[in-house]
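Novice: What follows is the residue order along each chain.
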Amino acid sequence: MNFIRRVLMVLGIAGAAGAILRLKGRSEHSTTRGGWAPMTPSESDSTNTPSTKK
Amino acid sequence: MFTTKIGVLGAGVTGVRVVEHLQTLGHTNILVSDKVAARAQRLSASHSTDAIRVAAVTREELFECTVVVLACGAPHAHMTTQLIQRGVSVVSLSDNVADCMNLLALDAQAKEHKTVIIVGAASSPGVTGLLLRSMTERFDTIDEAHVAMHGTGGPDCARQHHDALSGQSIGWHDDEWLRRPSGSGRELCWFPEPVGAYDCYRAELPDPVLLKKAMPELERITARVSATRRDRFTARLPMLAPPHAEGGMGAVRIEVRGNRGGSRIVEIAGIAERIAQLAGVVSAASAHAIATGAVTVHGARVLGEPELPNAALLELVLASGVRLHQFVGA
Chain E
1 MNFIRRVLMV LGIAGAAGAI LRLKGRSEHS TTRGGWAPMT PSESDSTNTP
51 STKK
Chain F
55 MFTTKIGVLG AGVTGVRVVE HLQTLGHTNI LVSDKVAARA QRLSASHSTD
105 AIRVAAVTRE ELFECTVVVL ACGAPHAHMT TQLIQRGVSV VSLSDNVADC
155 MNLLALDAQA KEHKTVIIVG AASSPGVTGL LLRSMTERFD TIDEAHVAMH
205 GTGGPDCARQ HHDALSGQSI GWHDDEWLRR PSGSGRELCW FPEPVGAYDC
255 YRAELPDPVL LKKAMPELER ITARVSATRR DRFTARLPML APPHAEGGMG
305 AVRIEVRGNR GGSRIVEIAG IAERIAQLAG VVSAASAHAI ATGAVTVHGA
355 RVLGEPELPN AALLELVLAS GVRLHQFVGA
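These protein sequences, in sequence, are chains E and F. Take the first sequence: its letter number 46 is residue 46 in the working numbering, and every next letter is one higher. For the working numbering, add 54 to where a residue sits in the second sequence, where the first one is 1.
It cannot be assumed that every hint is accurate.
Only part of the chain F face toward chain E is listed, based on derived beta-carbon distances under 10 Å [what the hints assert, rightly or not]:
hint	residue
1	Leu185
2	Met189
3	Asp194
4	Thr195
5	Asp197
6	Phe287
7	Ile322
8	Ala323
9	Glu369
10	Leu378
11	Val382
12	Gly383
Calculated from the model, a selection of chain E residues having no Cβ within reach of chain F, i.e. all distances over 10 Å [what the hints assert, rightly or not]:
hint	residue
13	Asn2
14	Ile4
15	Arg6
16	Val10
17	Gly12
18	Ala16
19	Ala17
20	Ala19
Hints were generated in silico from the structure; no laboratory data involved. Backbone N, C-alpha and C define an ideal beta-carbon position, used for all residues, glycine too.
Could you build the full structure based on these sequences and the hints that come with them?
Specialist: Shown next as structure tokens:
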């Protein structure tokens with residue numbers, strides 16, 4: 001009985017530690033300043049345009 | 055007006071957008087099939103007009119089409135095999151890694167039957183390949199591409215997102231494929247407004263595999279997806295609640311690094327749009343390009359490959375009202 005309790009306790013502690021490690025942590029910021037502006041794709045390579053009229 | 059028969063398998067949220075965009079592009083003969091026949095019939099009834107035929111058909115009747123868009127849940131490989139053996143080209147929206155690999159493995163068979171398979175023609179993968187190719191023009195050389203995505207389309211997409219967070223992520227790093235546990239590698243990514251910033255994590259996404267095929271010179275490729283704590287905590291469990299009919303506003307961004315004029319340059323492009331809408335527009339544009347003969351190559355292809363008319367496809371996507379943004383001032 002004691003053995004089962006110990007195993008359950010170890011599993012519980014391991015699970016809790018795993019959950020904390022998975023949910024906590026610091027984000028790595030990919031970009032920290034700036035903003036979004038409308039963009040026009042480059043106009044080169046615009047040959048072979050599929051027509052929408054026939 | 056184009057009378058070429060185009061098929062759409064899947065009449066869910068994304069399938070509806072595919073049909074709508076095909077109509078916008080001038081297609082008047084569209085066949086729709088779904089595992090729930092009533093759903094295909096409803097789509098047919100709501101989108102058919104005197105000039106436009108949207109017919110609900112059985113799966114077998116799709117073999118009459120020139121090109122079929124697979125807008126249903128994965129796997130797509132089996133249906134694709136059947137279609138290409140009958141000379142039908144395929145546009146797949148699958149974002150399942152194993153399924154995408156199986157589709158790429160059909161390359162020789164597609165060439166043999168003179169058909170084309172566009173693998174991962176959705177938002178991510180899909181529009182990310184088009185953006186990558188477009189942004190290449192701004193560099194002398196590029197060596198890194200990092201993709202992040204927020205949001206989901208329909209219920210199948212939400213299930214795939216859930217599963218992706220419990221598998222193994224794939225990333226290309228200095229000439230080798232690295233596998234890392236999904237849900238690791240937290241990075242705060244900024245998406246175009248109104249989405250804003252979300253924590254994104256590695257996940258089992260096919261983007262690195264497909265972008266590597268589109269641009270073999272890349273040395274580092276990663277793909278991340280946004281997730282909440284609950285998403286990560288419950289990733290290995292079955293979905294606790296049924297997914298929404300459609301996710302809210304989503305976004306995709308791609309960060310490309312390379313050299314220009316001897317300097318190290320980073321460029322970031324992004325799109326904020328409903329994921330199903332974006333996927334529908336990209337796949338419909340791809341199907342349109344195949345049906346009108348703008349795609350002249352055969353085999354399994356991914357968007358962004360130099361043999362495809364990427365600029366023209368991106369133009370069609372943007373013409374549908376999708377707004378492209380660039381991150382400036384970083």
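Novice: Taking 10 Å as the cut and beta carbons as the points, is Val10(E) off the interface with chain F?
Specialist: Fine: 20 Å to the nearest Cβ keeps Val10(E) off the interface.
Novice: Grab the minimum C-beta distance from Asp197(F) to chain E and call the hint holds if it beats 10 Å, violated otherwise.
Specialist: At about 17 Å, which exceeds the 10 Å cut-off, the nearest Cβ of chain E leaves the hint on Asp197(F) violated.
Novice: Any CB of chain E closer than 10 Å to the CB of Ala323(F)?
Specialist: holds, 6 Å
Novice: Holds or violated: is the Cβ of Asn2(E) farther than 10 Å from all Cβ atoms of chain F?
Specialist: holds, 30 Å
Novice: Verify the interface restraint on Ile322(F): the C-beta must sit less than 10 Å from at least one C-beta of chain E.
Specialist: holds, 7 Å
Novice: Return the status of the interface hint for Phe287(F): holds when the least beta-carbon distance to chain E is below 10 Å, violated otherwise.
Specialist: holds, 6 Å
Novice: For Gly12(E), which was marked as not at the interface, is the minimum beta-carbon distance to chain F over 10 Å?
Specialist: holds, 16 Å
Novice: Does the CB of Asp194(F) sit less than 10 Å away from some CB of chain E?
Specialist: violated, 14 Å
Novice: Holds or violated: is the Cβ of Ala17(E) farther than 10 Å from all Cβ atoms of chain F?
Specialist: With a cut-off of 10 Å, Ala17(E) remains clear of chain F, as the shortest Cβ separation is near 14 Å.
Novice: Since Ala16(E) was said not to touch the interface, does its Cβ keep a gap of more than 10 Å from each Cβ of chain F?
Specialist: The claim stands: Ala16(E) keeps its Cβ more than 10 Å from every Cβ of chain F (closest is about 12 Å).
Novice: Is Arg6(E) truly not at the interface, in the sense that its beta carbon sits beyond 10 Å from all beta carbons of chain F?
Specialist: Correct as stated: the minimum Cβ-Cβ distance to chain F is 25 Å, above 10 Å.
Novice: Do the numbers back the hint for Val382(F), that is, is its least Cβ distance to chain E under 10 Å?
Specialist: holds, 5 Å
The structure is inconsistent with the numbered hints 3, 4, 5 and 20, although it conforms to all the rest.
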